[in-house]
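Let the hints inform the model, and build the full structure from the sequences given.
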Amino acid sequence: MKKARVTTAIMAMALVSLTAMSCKDSKNEESAAPMSSEMHQENVSDKSDETAMNDEQNSDAKQVLADYMALKNALVATNKEDAAKAGKKLESSLNSFDVSSYTSEEQTELKDIIADAKEHAEHIGKSEMDHQREHFKTLSKDILDMVAITGTETTLYQQFCPMYDGGSAWLSMEKEIKNPYYGSKMMACGKVQKEIN
Amino acid sequence: MKIVKIIALILLVVFVVIQFVPTERNQSDVIPKSDFVMVNKPPKNVSMILQESCYDCHSNNTDYPWYNKIQPVAWFLEDHIKEGKAELNFNEWDSLSSRRKSSKLRSIIKQIESGEMPLYSYTLIHRDAILSTSEKELVINYMKQIKDSLQ
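Chains as they are written, first to last, in the working numbering: chain A, 97 to 293; chain B, 81 to 231.
Think of the hints as simulated: they come from the structure by calculation, not from any bench. Just so you know, not all the hints are guaranteed correct.
[As the list claims (entries may be wrong)] Derived SDA-like pairs: lysine to any residue, alpha-carbon spacing no greater than 20 Å straight-line:
1) B/Lys190 <-> A/Asp194
2) B/Lys181 <-> A/Glu218
3) B/Lys121 <-> B/Gly195
4) A/Lys233 <-> B/Lys181
5) B/Lys165 <-> A/Glu218
[Stated by the list, open to error] Just the calculated beta-carbon pair ranges, DEER-fashion:
6) A/Asn154 <-> B/Ser177: 22 to 28 Å
7) B/Pro112 <-> A/Glu177: 37 to 43 Å
8) A/Glu224 <-> B/Ala166: 53 to 59 Å
9) A/Glu224 <-> B/Pro123: 49 to 55 Å
Just so it is clear, the structure is predicted and the values come from calculations on it, not from any experiment. Here a beta-carbon is modelled for each residue, glycine too, at the ideal position from N, C-alpha and C.
Laid out in C-alpha cells, this is it:
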C-alpha cells in the first residue's frame with residue numbers, strides 16, 4: 097500500500113515538472129540559466145590612458161596576430177575545437193589590447209577594429225565550422241586593417257581565395273597557400289595578393 | 081494520498097511565490113533617432129517585416145504576449161531578449177561605426193539566408209513572424225543594398 101502511494105507521488109511530480117518543462121522548451125532552447133545571464137554580460141573596460149610603453153604596445157599587437165595565426169591554422173586543419181579555442185584566446189588578447197600609445201586618430205580606428213574583431217572572435221569561440229569560417233572572413237579584414245596601423249615585425253602575406261563567398265582574403269606568415277576557408281577540400285586554392293612588411 | 085497532497089501543495093506554493101519575482105520589462109515609448117528604420121527609411125513592407133519578426137528581441141521595445149505575465153515563462157523571455165539585444169539592437173543602429181554596421185549587416189543577411197533567424201523557438205509561438213521565401217528575399221536584398229551603400 098505504501099509503495100503504491102510513493103509511486104503515485106512520483107508520478108504526480110513527474111507530471112507537474114513535465115508540464116513546467118514543456119513550457120520552457122518551447123520558449124527557449126539554448127539558455128539554461130536565465131538568472132546567471134546578467135553575470136556574463138561583457139564588461140567593456142575603459143582603457144586607461146596611463147602607463148603604456150611602446151614595446152608593450154607592440155607585444156599586444158603581436159599577441160593578437162599570433163592568436164589570429166593559430167586560428168587560421170586550425171581552420172586550415174578544419175579543426176573546430178582548436179579554432180574555438182583560438183577564437184577565445186584571440187578574444188581575450190583583443191580585450192587587453194592597450195591602444196594608448198597611438199595617436200588619437202589611430203586610437204579611434206583601433207578601438208573600432210578591436211570592438212568588431214572581438215565580436216567575431218567571440219562567435220568563432222562558440223560556433224560550428226562553417227560559421228567560424230564566415231566570421232573569419234570579416235575578422236581577417238579587421239586584422240588586416242589593424243596591421244596597417246600597428247605594423248608588423250614578421251613578413252605577412254595577404255592571400256586571396258576567389259571562390260569563397262565572392263572572394264575572401266586572409267593573412268599568413270608563409271608564402272605557400274593553405275586555404276583556411278576550405279581546408280583539405282581545396283587546400284591550394286588562392287594566391288598571394290600582397291606582401292606586408 | 082497524503083504525500084501527494086503535500087507535494088502538490090508545495091509545488092503550488094512555489095508556483096505562486098515565483099509569480100512575485102519581478103522581471104525587467106523591455107519596453108519603451110520612444111524610438112530613438114539612431115533607430116535603423118528612422119535612419120535608413122526602408123520601404124514600408126521591409127520595415128513591417130522588421131517590426132514583426134525582429135524587433136521583439138532586437139530593440140528596446142517588446143510587444144509582449146499575454147503569457148509573459150506567468151513565471152517561469154517571463155524569465156526565459158527576459159533572457160532571450162537580453163541576448164538578442166546584446167547581439168544587435170536596431171534602436172541603436174546609428175551608434176555603430178560603418179565597420180560594425182557592415183559586420184552586423186553581413187550577419188543579418190547570413191542568418192536570414194540560413195533560416196537561423198528568426199529563431200525557431202520564437203516563431204513556434206509567433207507564427208506571423210515566420211518569413212516567407214519572398215519576404216526573406218525582400219529583406220536580404222534590402223540589407224545588401226544598405227551594406228553596399230556603406231562603403
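Checked hints:
At most 20 Å may separate the alpha-carbon atoms for a hinted pair to count; B/Lys190 and A/Asp194 exceed this at roughly 32 Å. At roughly 17 Å between alpha-carbon atoms, B/Lys181 and A/Glu218 fall within 20 Å of each other, so this suggested pair holds. A threshold of 20 Å between alpha carbons decides the hint, and for B/Lys121 with B/Gly195 the separation of about 25 Å lies outside it, so the pair is violated. Between A/Lys233 and B/Lys181, the direct Cα distance comes to roughly 15 Å. Compliance with the 20 Å bound is thereby established for this hinted pair.
For the hint pairing B/Lys165 with A/Glu218, the CA-to-CA distance comes to about 16 Å; that is within 20 Å, so the pair holds. Distance hint check for A/Asn154 and B/Ser177: the Cβ-Cβ separation is about 25 Å, which falls inside the suggested range of 22 to 28 Å. The beta-carbon spacing between B/Pro112 and A/Glu177, approximately 41 Å, falls within the hinted interval of 37 to 43 Å. Restraint check, A/Glu224 to B/Ala166: a C-beta distance of roughly 20 Å breaks the suggested window 53 to 59 Å.
The given range of 49 to 55 Å is broken by A/Glu224 and B/Pro123, whose C-beta atoms sit roughly 34 Å from each other.
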